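Protein chains: 2
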Amino acid sequence: MTTNQIWYLRKRPVGKLADGDLELVTEEMAPLGPDMIRVRTIYLSLDPTNRIWMSDMDGYLPPVPIDNPMRGGGIGIVEESNFDDVPVGTLINTGLSTWAMYNDIPGGMASVLPSIPGVPLTAYMGPLGATGMTAYFGLMDIGKPKEGDTLVVSAAAGAVGSMVGQIGKIHGCHVVGIAGSDDKCKWLTEEAGFDAAINYKTEDVGAALDKRCPNGIDINFESVGGEIMDVVIARLNDFSRMPLCGLISTYNDTDGSPGPTNFANLLMRRTTLRGFIILDYFDRFPEGAQAMAGWLMEGRIKFETDVVQGIENAPASLERLFTGANLGKLAVQFGPEPD
Amino acid sequence: MTTNQIWYLRKRPVGKLADGDLELVTEEMAPLGPDMIRVRTIYLSLDPTNRIWMSDMDGYLPPVPIDNPMRGGGIGIVEESNFDDVPVGTLINTGLSTWAMYNDIPGGMASVLPSIPGVPLTAYMGPLGATGMTAYFGLMDIGKPKEGDTLVVSAAAGAVGSMVGQIGKIHGCHVVGIAGSDDKCKWLTEEAGFDAAINYKTEDVGAALDKRCPNGIDINFESVGGEIMDVVIARLNDFSRMPLCGLISTYNDTDGSPGPTNFANLLMRRTTLRGFIILDYFDRFPEGAQAMAGWLMEGRIKFETDVVQGIENAPASLERLFTGANLGKLAVQFGPEPD
Chain A
1 MTTNQIWYLR
11 KRPVGKLADG
21 DLELVTEEMA
31 PLGPDMIRVR
41 TIYLSLDPTN
51 RIWMSDMDGY
61 LPPVPIDNPM
71 RGGGIGIVEE
81 SNFDDVPVGT
91 LINTGLSTWA
101 MYNDIPGGMA
111 SVLPSIPGVP
121 LTAYMGPLGA
131 TGMTAYFGLM
141 DIGKPKEGDT
151 LVVSAAAGAV
161 GSMVGQIGKI
171 HGCHVVGIAG
181 SDDKCKWLTE
191 EAGFDAAINY
201 KTEDVGAALD
211 KRCPNGIDIN
221 FESVGGEIMD
231 VVIARLNDFS
241 RMPLCGLIST
251 YNDTDGSPGP
261 TNFANLLMRR
271 TTLRGFIILD
281 YFDRFPEGAQ
291 AMAGWLMEGR
301 IKFETDVVQG
311 IENAPASLER
321 LFTGANLGKL
331 AVQFGPEPD
Chain B
1 MTTNQIWYLR
11 KRPVGKLADG
21 DLELVTEEMA
31 PLGPDMIRVR
41 TIYLSLDPTN
51 RIWMSDMDGY
61 LPPVPIDNPM
71 RGGGIGIVEE
81 SNFDDVPVGT
91 LINTGLSTWA
101 MYNDIPGGMA
111 SVLPSIPGVP
121 LTAYMGPLGA
131 TGMTAYFGLM
141 DIGKPKEGDT
151 LVVSAAAGAV
161 GSMVGQIGKI
171 HGCHVVGIAG
181 SDDKCKWLTE
191 EAGFDAAINY
201 KTEDVGAALD
211 KRCPNGIDIN
221 FESVGGEIMD
231 VVIARLNDFS
241 RMPLCGLIST
251 YNDTDGSPGP
261 TNFANLLMRR
271 TTLRGFIILD
281 YFDRFPEGAQ
291 AMAGWLMEGR
301 IKFETDVVQG
311 IENAPASLER
321 LFTGANLGKL
331 AVQFGPEPD
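The listed protein sequences correspond, in order, to chains A and B. Per UniProt numbering, the very first residue in the first sequence carries number 1; after that it's consecutive. Per UniProt numbering, the very first residue in the second sequence carries number 1; after that it's consecutive.
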């Protein structure tokens, strides 16, 4: 018998996630069914979208029903297999499974990780995972970076933003990141190769953008929303592009969120804004993964991982995304990597 | 000597246009210069963008400087010519000239109207003019109508909106217009062939949209902004398109305008929003004009013109656009058409 631990959603959070919204339950698992694999979670990926799934917001996936296991995924390893093609020891992207120590998955649905020498396992949640693909397709498909364009990236030190800026640099953009601490800003300019970084907690973002983007802004890769987005929209150039990846500043709002007061500038500047969800690009993942893997192996993409230990810390760790505590990809480690 | 009458911009309007913001001045004209033509205005086209040009808003063209003639154009006829290729009697689109009885224009810059049998002169401000081209390119290029799509058009009885809906019908869309009177709604459904029309002054627009758009909204051709735009955004389908043509409800605002509170739905629904200005499509006008002229001659496009008489009534007539008084293309007739 396998004993499982599963985080259940008990209440829809109001504002910030609170104690009791989720509950960690210990259960005995039924025997593994035919053609199924049992996957032990090594890392649970924490992403802003998790907060949307907890709410009753009409998002791109239905809300997690109350008293169901919380939806999520990360990286796991097969510990038991009734499916010959995916043997014990195989590393798996657990995708849209649950916040549990073990998930039973149909073997035919398993997303087996490729093995790239020298690449750490966490890269498959970062540059080679959903966040890397989000950065790649949002920037390339909607942002359409050209040599000499000015690219502004919000949440720049996050898992997506840090990739966006580096892909922009590879394409010859002038890249300015907005982040929430001096340490992050330092990492962006000194490690990730951004041309400039603005600490929105200590700087006047509008004045800083005027200084750092003397030619205006051609691409705003937007993940945050709120007042800072408004300040960026005011500085867009004619025919600018705005991939709309997220609005994390609003996900904890309880009374609705005001829209951008500079909305009319999208008209005057003839901006193309497009919302996107990485699942829309699922068919094109091989293209994105190949590009990112190449840049990673060439050393042109740096990434950081912020790993919290212990399944019991999963809900509390999600808050790090909203306070801006994390640098790079946030994950919770449930158990050891294989040797 | 020719005596001219010219509307000068004297003050930037605060809110609604007021007496004294513009002044009608009578002036003697200098003799016509070499290679110039003197064009008498028959019709002045009034468009929402005129109000933007009066303000100090950072629009797509610079504001009209104070104490300069007001920018505008329409249809005129050559009354004197120093340019052999454009003789007296030629009909001209006066484009970006001024609110004046006479404009002297370099003959080489003149936009000569084609002559299409059976088409009234006013059509060159409507389906065959800038408003028709705005409708055509905004819908075709950004809206990308497909058979069976649901298209919602705000300011539907206006010069642009009425064309958008009819082009949408030609492409097999289910077309719902939003307008400001029962008479307009009746014209939209009975004359212009819209599937439904909603009177926003007497109906609950959200409830009416739910009823009239049972399959959601694929295209929102937006010219108005404000609360109604928000109600439409809330009902967009996945992968919807939103050509952003104007935000007329905000142009008289003095304290800034709130942004759409349903902005996040552009993300969740993966909407493509693009601001556009018809000048961006100038190179492609022949394509648009050919399509519109064909439909017009086949009787598939109906249009109305709301003509006010007298140059002295030009500023006061502009207000008709903002109160929704006009059905179809608003123009002021300064003088007679040729026989």
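Watch out, some of these pointers could steer you wrong.
Beta-carbon label-pair distances, calculated as ranges [claimed, not checked]:
id, chain 1, residue 1, chain 2, residue 2, range
1, A, 234, B, 27, 45 to 55 angstroms
2, B, 216, A, 141, 43 to 53 angstroms
3, A, 190, B, 204, 53 to 63 angstroms
4, B, 190, A, 214, 48 to 58 angstroms
5, B, 20, A, 183, 51 to 61 angstroms
6, B, 254, A, 234, 17 to 27 angstroms
7, B, 204, A, 82, 24 to 34 angstroms
8, B, 189, A, 181, 56 to 66 angstroms
9, B, 282, A, 10, 39 to 49 angstroms
FYI, nobody ran anything at the bench for these hints, they're computed from the structure. Remember, predicted model here, so these are calculated numbers, not experimental data. Ideal Cβ placement from N, Cα and C applies to all residues, glycine included.
Going through the hints against the structure:
Under the hint 45 to 55 angstroms, the C-beta atoms of residue 234 (chain A) and residue 27 (chain B), about 40 angstroms apart, miss the expected range. In this structure, residue 216 (chain B) and residue 141 (chain A) break the distance hint of 43 to 53 angstroms, their C-beta atoms being roughly 24 angstroms apart. Between residue 190 (chain A) and residue 204 (chain B) the beta carbon distance is about 56 angstroms. The supplied range of 53 to 63 angstroms therefore holds. At about 56 angstroms, the beta-carbon gap between residue 190 (chain B) and residue 214 (chain A) stays in the expected band of 48 to 58 angstroms.
Residue 20 (chain B) and residue 183 (chain A) have their C-beta atoms about 58 angstroms apart, which keeps the hinted 51 to 61 angstroms range intact. Checked against the hint of 17 to 27 angstroms, the pair residue 254 (chain B) and residue 234 (chain A) passes, with Cβ atoms roughly 18 angstroms apart. The hint said 24 to 34 angstroms for the Cβ distance between residue 204 (chain B) and residue 82 (chain A), and at roughly 56 angstroms that hint is violated. Checked against the given bound of 56 to 66 angstroms, the beta carbons of residue 189 (chain B) and residue 181 (chain A), roughly 58 angstroms apart, stay inside it.
For residue 282 (chain B) and residue 10 (chain A), the Cβ-Cβ distance of about 60 angstroms falls outside the hinted range of 39 to 49 angstroms, so the restraint is violated.
Violated hints for the displayed structure, listed by number in ascending order: 1, 2, 7, 9.
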